[in-house]
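Letter by letter, the chains look like this.
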Amino acid sequence: MSNWVEVCATDEIDEEDVIRFDHEGKTFAVYRSPDDEFFATDGLCTHEKIHLADGLVMDDIIECPKHNGRFSYKTGEAKGAPVCVNLRTYPVKVEAGSVFISLA
Amino acid sequence: MSHIVIIGAGECGARAAFALREKGFDGRITLVGEEEHLPYERPPLSKDALLHGHAPKLVSDAARYAEAGIAVLTGVTVESIDPTAKIVQLSNGTSRDYDQLLLTTGARPRPFPGLSGANHRIRTLRTHGDTVAIRAALQPDTHLAIIGGGFIGLELAATARKLGAQVTLVEGLPRILSRGVPEEVATVVADRHKAEGAEIICGVKIQELSEDRDGARIRLEDGRTIAADLIVVGIGAVPNVELAQDAGLVIDNGIAVDEHLRTSVPDIFAAGDCCSFPLRHYGGRRVRLEAWRNAQDQGLLAAANLMGAGEAIASVPWFWSDQYDLTLQIAGLADGTTQTIRRDMADGAFILFHLDAGGRLIAASGIGTGNAVARDIRLAEMMIAAGVRPDPVALAAAETKLKSLLAA
Ligand SMILES: Cc1cc2nc3c(=O)[nH]c(=O)nc-3n(C[C@H](O)[C@H](O)[C@H](O)COP(=O)(O)OP(=O)(O)OC[C@H]3O[C@@H](n4cnc5c(N)ncnc54)[C@H](O)[C@@H]3O)c2cc1C
Ligand code: FES
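Respectively, the protein sequence lines represent chains A and B. For the first sequence, the numbering used here begins at 911 and goes up steadily by one. For the second sequence, the numbering used here begins at 406 and goes up steadily by one.
The set of hints was computed from the structure by calculation and includes no laboratory data. Among the hints, erroneous ones may be present.
Said to hold, decoys possible - Chain B is faced by these chain A residues, among others (derived, beta-carbon under 10 Å):
no., residue
1, C918
2, D921
3, D924
4, E958
5, I960
6, L966
7, E973
8, P975
9, K976
10, G990
11, P992
12, C994
What the hints assert, rightly or not - With a straight-line cut-off of 27 Å between C-alpha atoms, the simulated DSS-like cross-links for lysine-lysine are:
no., chain 1, residue 1, chain 2, residue 2
13, B, K599, B, K452
14, A, K959, B, K452
15, A, K1003, A, K984
16, B, K491, B, K428
17, B, K806, A, K984
18, A, K936, A, K1003
19, A, K989, A, K936
20, B, K462, A, K989
21, A, K959, B, K462
22, B, K808, A, K989
23, A, K1003, A, K989
24, B, K806, A, K989
25, B, K462, B, K452
26, A, K989, B, K428
27, A, K984, B, K428
28, A, K959, B, K808
29, B, K462, A, K936
30, B, K599, B, K567
31, A, K984, B, K808
As the list claims (entries may be wrong) - Examples of chain B residues toward chain A, derived with CB under 10 Å:
no., residue
32, W723
33, R783
34, K806
35, K808
Cβ coordinates follow ideal geometry from the N, Cα and C atoms, glycine included.
Extracted from the complex, chain A is given alone in its bound form (with noise of 0.2 Å):
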């Protein structure tokens, strides 16, 4: 059964851009891609635990602040050194002009 939460309003994302959601104790990152789609991972870099939220979203990669590792937020994938654990994603829909991920 799926467990959808609202994030935010879809505004209150840029294109090509990631902002922090905190929700029970737990951190993600939530993404609006270029091409305008929403997307979730977790919030925390699989290298050394630091926020992804800081970082940069070029195309459809997120890119770590701290030490640059990079992952696709669509697919959760790590890119290569020095990540090489993947990340976890999380559904996404829009419904009325809000965001909502599914933690099911």
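Following the hints, complete the assembly by docking chain B with the ligands onto the known chain A.
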């Protein structure tokens, strides 16, 4: 089957070995390292590993080397290279033939002039073993004296303060971080150290270091003496070039390589802290970097070029340092700056943008808590690589998104 031997199992050598496989190299790979551990990350050695006593943070675990078919020899030194016969001689009495060689021998701490090697209370910091020994000596009431106000000395000072040690840092030049860090940024660092209770003494030369059973001593040229339980010398690093030099490779402040990381001898490449190379974005001037991401980038580039890609070095120097909750990040090289523009950000964080006479962005230095400056420094790095001449007014305004200047 073609055989690539990589000498030096640090960040750069390990990254190169994996990159060869990722790029489809199907010959043999042997990675030889004189340290007893599998390749590990050095940056934590002055930070979390020292603070918490962590085990070495491995670049990759043993299973992944096995999976990738990379033969790793730890605790083994390469003693000589015969570039004509294409053989390397190892300290375990065996030898290896190679088709191509990659030298990633790194650097070692610059020794304090005139000091003999056998000291217990006067140390340097480069390896996991150094961190273990320094951590063991640091008790809450220990007095640690640090020689050198560079990154390693300052990070060590910050961590030692967190562990409750008394800290005195001595820098011979008039200020700390005089190599490559603008004064405005260095002042923030120095002030923070003072606020945390570390004593910083600048502009005084050291006459002598000595140790006995009870402690160690620094005699300053102005007559003062500093007594400490432990002295750590952090006055820079020297590249490990002797092996290459003996094999006849050209040395020029490091193993000299061209823009493809090729040394002066066919089929031998070098990368990372051990090599000096021409830096494209700065008129091709020859530099040697001691920086973690450079070691990674050059490891990847060396792998590509060992496979014949012929790619030139294109990255911009980038470095970070963590002290207390401050992070400093620098992209580019600031010498040659004629105009500096300051961008103030939230919570006291700021970035200095350095422009040359033609208005081109050549460097950016930022400091702030956590990752306050990270994104903008990264964008600045991309602007430097792209040769952008940004509008100074826009740079100074925190509300201007740097991404928009990159596209312009
Ligand atoms: C305490 C500390 C903190 C640091 N912090 C930061 C930081 O915050 N940010 C940053 O950007 N950089 C930092 N650095 C720098 C970064 O760690 C180095 O740039 C990086 O490790 C260089 O990698 P390398 O593989 O070129 O060389 P090294 O890591 O030096 O590895 C070379 C290896 O080769 C081995 N070797 C040498 N000769 C031989 C031989 N003949 N046979 C076999 N093996 C040999 C050496 O034993 C060594 O293990 C730090 C370094 C230190 C020491
Ligand atoms: S913490 Fe993300 S790359 Fe190191």
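Okay, the hints, checked on the actual structure:
Proximity of A/C918 to chain B is violated relative to the hint, the smallest CB-CB distance being about 19 Å (cut-off 10 Å). Interface hint status for A/D921: violated, as the beta-carbon distance to the closest one in chain B is roughly 16 Å, over 10 Å. With a least beta-carbon distance of about 8 Å to chain B, the hint placing A/D924 at the interface is held under the 10 Å criterion. At its closest, the beta carbon of A/E958 sits 8 Å from a beta carbon of chain B; the interface hint therefore holds under the 10 Å criterion.
Because the smallest distance between the Cβ of A/I960 and any Cβ of chain B comes to about 7 Å, under 10 Å, the interface hint for this residue holds. Restraint check, A/L966 versus chain B: the minimum CB separation of about 5 Å is within 10 Å; hint holds. The interface hint given for A/E973 is met, as the beta carbon of that residue sits about 7 Å from the closest beta carbon of chain B, less than 10 Å. Here the hint on A/P975 is kept, as its CB sits about 3 Å from the closest CB of chain B, short of 10 Å.
For A/K976, the shortest C-beta to C-beta distance to chain B is roughly 6 Å, which falls under 10 Å, so the interface hint holds. Restraint check, A/G990 versus chain B: the minimum CB separation of about 8 Å is within 10 Å; hint holds. Restraint check, A/P992 versus chain B: the minimum CB separation of about 7 Å is within 10 Å; hint holds. Hint status for A/C994 relative to chain B: holds, with the closest Cβ pair at about 7 Å, below 10 Å.
Between B/K599 and B/K452, the direct Cα distance comes to roughly 19 Å. Compliance with the 27 Å bound is thereby established for this hinted pair. In summary, the hint linking A/K959 to B/K452 is supported, as the alpha carbons are separated by about 15 Å, within the 27 Å threshold. Restraint check: the Cα-Cα separation between A/K1003 and A/K984 comes to about 13 Å, which is no more than 27 Å; the hinted pair holds. For the suggested pair B/K491 and B/K428, the alpha carbons sit about 24 Å apart, so the restraint of at most 27 Å is met.
Proximity of B/K806 to A/K984 is assessed by CA-CA distance (about 24 Å); at most 27 Å being required, the pair is judged to hold. Distance restraint check for A/K936 and A/K1003: the Cα-Cα separation of roughly 19 Å lies within the 27 Å cut-off, and the hinted pair is therefore satisfied. With a C-alpha separation of about 24 Å, the suggested pairing of A/K989 with A/K936 holds against the 27 Å cut-off. Distance restraint check for B/K462 and A/K989: the Cα-Cα separation of roughly 19 Å lies within the 27 Å cut-off, and the hinted pair is therefore satisfied.
Restraint check for A/K959 and B/K462: the C-alpha separation of about 14 Å stays at or below 27 Å, so the hint holds. Between B/K808 and A/K989 the alpha-carbon distance is near 22 Å, which keeps this suggested pair within the 27 Å criterion. About 25 Å separates the Cα atoms of A/K1003 and A/K989, which keeps this hinted pair within 27 Å; it holds. For a cut-off of 27 Å, the pair hint linking B/K806 to A/K989 stands: about 26 Å separates their Cα positions.
Taking the CA atoms of B/K462 and B/K452, the gap is near 12 Å; set against the 27 Å cutoff, the hint holds. For a cut-off of 27 Å, the pair hint linking A/K989 to B/K428 stands: about 14 Å separates their Cα positions. Simply put, A/K984 and B/K428 have alpha-carbon atoms about 24 Å apart, close enough for the 27 Å limit, and the pair holds. Distance check on the hinted pair: A/K959 and B/K808 sit about 25 Å apart at the alpha-carbon level, within 27 Å; holds.
Restraint check for B/K462 and A/K936: the C-alpha separation of about 25 Å stays at or below 27 Å, so the hint holds. The straight-line distance between the Cα atoms of B/K599 and B/K567 is roughly 13 Å, inside the 27 Å bound, and the hint therefore holds. Under the criterion of a C-alpha separation no larger than 27 Å, the hint pairing A/K984 with B/K808 is consistent with the structure, at around 21 Å. For B/W723, the interface hint holds, since its Cβ comes within 10 Å of a Cβ in chain A; the closest pair sits about 8 Å apart.
Using the Cβ-Cβ criterion of 10 Å, the hint placing B/R783 at the interface with chain A is satisfied: the shortest such distance is roughly 5 Å. Because the beta carbon of B/K806 sits about 8 Å from the nearest beta carbon in chain A, less than 10 Å, this interface hint is met. For B/K808, the interface hint holds, the least distance from its beta-carbon to any beta-carbon of chain A being 8 Å, beneath 10 Å.
Hint compliance for this structure: hints 1 and 2 are not met, and every other hint is.
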